[in-house]
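Visitor: Here is what each chain is made of, one letter per residue.
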Amino acid sequence: MPRPGAVIEVDRNTPPVLFHFGEGIRLEKMPLGSRIVYPPDPLEPIAHPERAIKRALAKPLEDDPLKSLLRKGMKLTIAFDDLSLPLPPMAAPDVRQLVMEEVIDMAAEAGIDDLHIIAALGLHRRMTDDELRHIVGDRIFSTFHPDRLYQHDGEDPENNVYVGKTSAGEEVTLNRRAAESDLVIYVNLTLVPMDGGHKSMSTGLATYRGIRAHHNVKTLLGSRSYMNPPDSALHHSCIRQGQLIEDTVRVFHIETTVNNHAFPAIANFMQKRETDWTANDQAMFLATKQMTDIAPPAFKRNVFHAMRAPYGLTAVNAGQVDAVHDKTLDAVNKQIAVRVEGQTDIVTIGVPYLGPYNVNAPMNPVLVVCMGAGYLFNFYRSKPVLRKGGVLILTHPCRYEFDAVQHPSYIDFYDEVLADTKDPGEIEKRYELRFAEDPWFRQLYRKSHAYHGAHPFYAWYWAAHAMEHAGDIILVGGDREVVHRLGFKCATTLEDAFEMAEQTVGRYPSVTHLRTPPIMLCEVE
Amino acid sequence: MPWYSADPVTRAASAALSTLDDVAHVRRGWRWGNPRPHTWPEQGAVVPPPPTDLGWARAEPVRSIRWLIQRTLLLPFTEAMVHPKVEGREWVRELKRPVIFAANHSSHADTSLILHSLTDSARDRTVVAAAADYWFKRPLLGNIVSLFLNTFPFSRTGGAQAQLHSSSQLLKSGWNLVLFPEGSRSLDGRIQEFKPGVGFLAKETGTPVVPMHIQGAFQVMPRHQQVPLPGPIRVRIGKPMSPAKAEGSRDFTARVEKAVRDLSAKEKQSDLQGTWIERWRASRPRDLRYES
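So the protein sequences, as listed, match chains A and B.
All letters in the first sequence, in the order written, are residues 1 to 525 by this note's numbering.
All letters in the second sequence, in the order written, are residues 1001 to 1292 by this note's numbering.
Hints listed in this document are in silico derivations from the structure and should not be mistaken for laboratory results.
From the three backbone atoms N, C-alpha and C, an ideal C-beta is built for every residue, glycine too.
Check each hint, because a few of them may be wrong.
[Unchecked claim] Far from chain A, by Cβ distances over 10 Å, these chain B residues were calculated:
#, residue
1, G1033
2, P1076
3, L1095
4, K1096
5, K1137
6, S1168
7, H1224
[To be verified] With a cut-off of at most 20 Å between alpha-carbon atoms, the simulated SDA-like pairs for lysine to any residue come out as follows:
#, chain 1, residue 1, chain 2, residue 2
8, B, K1266, A, R148
9, B, K1268, A, Q151
10, B, K1085, A, G137
11, B, K1085, A, S448
12, B, K1268, A, R148
13, A, K54, B, P1285
14, A, K429, A, L418
15, A, K75, A, D247
16, A, K75, B, I1277
17, A, K67, B, I1277
18, B, K1268, A, D114
19, A, K72, B, T1275
20, A, K72, B, I1277
21, B, K1266, A, Y150
22, B, K1085, A, E131
23, A, K67, B, R1281
24, B, K1268, A, D113
25, B, K1085, A, R148
26, B, K1085, A, Y150
27, A, K300, A, A283
28, B, K1085, A, R133
29, B, K1268, A, H116
30, B, K1268, A, D129
31, B, K1085, A, M127
32, B, K1085, A, Q151
33, A, K75, B, E1278
34, A, K54, B, R1284
35, A, K75, B, T1275
36, B, K1085, A, D130
37, B, K1268, A, Y150
Please model the entire structure based on the sequences and the hints provided.
Guide: So, in structure tokens, the structure goes:
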């Protein structure tokens, strides 16, 4: 029986705790009396995923069996989530591949000629052929690519349609192929509660015009947090858009969840609690630490990004979107929820090498903010672990390092926008539209492998809530100049950071360390 | 005294003396240094060595060595140089019986590209017909090429029967066969007329032909160029074709030629490459049944 998440109070016997430090790791001794929050152990995966998928398609929730929806002569579109999740990418076969193979088998049996498969990118970058092949598998790739398996283009004026406006005035756009299909089957992989449900269609197959309706400062500040859909303005907006889409086109949702077995055997020590480490784990830690200390960044990056997570399928549900997503959220929460008593003055988090937007690329400074103060801070339900006005301490080398192919607009955002102001509201008002409509960024998004011009803005907005909530944000180990450009404070060591934090929260503060990844969701009481 | 009645030492001595006698006899029998007497008839053509299918190249441990060479040298080199884009690999993923791969030929790089585009299981059971009068003129070169690419000498000048014999033996033994029906590399990159051998072989052995088209190889390594250059390559594999009962071998060859030419078109040809449903079914993994 997998153990639930745990909160350990640090005493003299507590071993030092692992901090992720970008493409590196550290062991840090936490102050006596502080708390360490550990995620639950990985749930047992479903033993026969193919059978579970078949069963879900045959007995969907509040919908007819998929087989009965398929008929010869129909226009069928399958859409699926891109490589921004799961993180790290899943060891082959990806669960999306398994689901799609079942669906395609059924479509072949029904004799459906007109079948297209679309990667629902939203405003994310186009995947390379190898990345696409990794998600869908060799068989689907070689049968359908490139004319029937392709990636959504949110800037293609010909192939997107305007669907309408929601009751709250949000504009809704959709990929033309999906809008004109008799049936769209959306294959989703939900890793965190933010994903899936109506958000899949309303962001994955939309354009900038549709996405900006909820990816904005006001909505994100009104999402407490966006990892908890009932309290998230972002999700309320997505639901309104999604309902309009469901009125336009028939959508059959298939959602899958995986456990949090995020690290392969060689990095087992990252998965385990330090209290469970064996001599083997200590040796692996030392070897990895030495390697990451001395190896050149490009080498370390290649090693880390080559890691594939042995995730196991924990649930697969199909049918009507709301019924499916409720089940999905139950399965996700069962895996990642941890009960934490009360808030603290200081929260420490190690920012890892990988976030949703830097697969096969370095994590640039803007993405460090997005990951640390955006995603990791927001993994809570009801209220943040950090008290209002407390200090958030992140560890990451945070260098001036950008991938010019994937993140061209991030470079300009950092150099031009952040040099001017750090205020998300101000940034949105003065700069977002110019970047979003920049013809060069648009060209790179459409034809190269670049994120959309507006994407660095969204990455910054994700952190807006943390910036507003925290009294101070301190980055340990970062490049001083870069950290100051981000508007944060810089510390050399964790001890220094605690000293600096005392100026904000007073002496003898309460401290909590969130030992993530693997991912967890703190239910703060 | 009969030889078998002697003791072993006597027999050995006797055999050794006999050998010495023979050597001396032969040595004296031919006078190589003397000019050829004019009364002798003109010296005839040297008797050609008996044809070989280079069976050693398809036996262990040579197969394992080739497997290693291909995976560590040939395929990575091909991938690094041209990163070929392969379409229609599903048609060769689960081959149930041997096939003939018939491709256009414009470059020495064609063979590597074809092998690269096949699946591992198909590649390991594939032999390449190499021109006997070109590759096997020098035995050392022929053997090295055989070791690398699993080639066998294919006569371009002999009769159909001679071609049929060696090739059909290989097909019957379960080997796929790569043939370049044009006979030689194109001079200008355009597809030349196909020789009837491929149709004849397919018809006689009842083997399906998989049409293939290689685009870009002429730019990468045309005739008279010794070193390949990087460049974009597309290898398109068509649906296997079988000769109809009433179809003559020349007609079938013409059909294969048309298929290869059509594969060179920009758009996908669903009649040649199959509908997605056909391709999907062709790539269905073979059911593995384990004895309990």
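Visitor: Does each hint fit the structure? Answer for all of them.
Guide: Comparing the hints with the structure gives:
no., hint, verdict
1, G1033, "68 Å, holds"
2, P1076, "15 Å, holds"
3, L1095, "15 Å, holds"
4, K1096, "17 Å, holds"
5, K1137, "39 Å, holds"
6, S1168, "31 Å, holds"
7, H1224, "34 Å, holds"
8, B:K1266 to A:R148, "16 Å, holds"
9, B:K1268 to A:Q151, "19 Å, holds"
10, B:K1085 to A:G137, "16 Å, holds"
11, B:K1085 to A:S448, "18 Å, holds"
12, B:K1268 to A:R148, "11 Å, holds"
13, A:K54 to B:P1285, "18 Å, holds"
14, A:K429 to A:L418, "14 Å, holds"
15, A:K75 to A:D247, "17 Å, holds"
16, A:K75 to B:I1277, "14 Å, holds"
17, A:K67 to B:I1277, "16 Å, holds"
18, B:K1268 to A:D114, "15 Å, holds"
19, A:K72 to B:T1275, "14 Å, holds"
20, A:K72 to B:I1277, "12 Å, holds"
21, B:K1266 to A:Y150, "18 Å, holds"
22, B:K1085 to A:E131, "15 Å, holds"
23, A:K67 to B:R1281, "18 Å, holds"
24, B:K1268 to A:D113, "15 Å, holds"
25, B:K1085 to A:R148, "16 Å, holds"
26, B:K1085 to A:Y150, "16 Å, holds"
27, A:K300 to A:A283, "18 Å, holds"
28, B:K1085 to A:R133, "13 Å, holds"
29, B:K1268 to A:H116, "15 Å, holds"
30, B:K1268 to A:D129, "18 Å, holds"
31, B:K1085 to A:M127, "16 Å, holds"
32, B:K1085 to A:Q151, "18 Å, holds"
33, A:K75 to B:E1278, "18 Å, holds"
34, A:K54 to B:R1284, "17 Å, holds"
35, A:K75 to B:T1275, "15 Å, holds"
36, B:K1085 to A:D130, "12 Å, holds"
37, B:K1268 to A:Y150, "15 Å, holds"
Violated hints are absent here; each numbered hint is respected by the structure.
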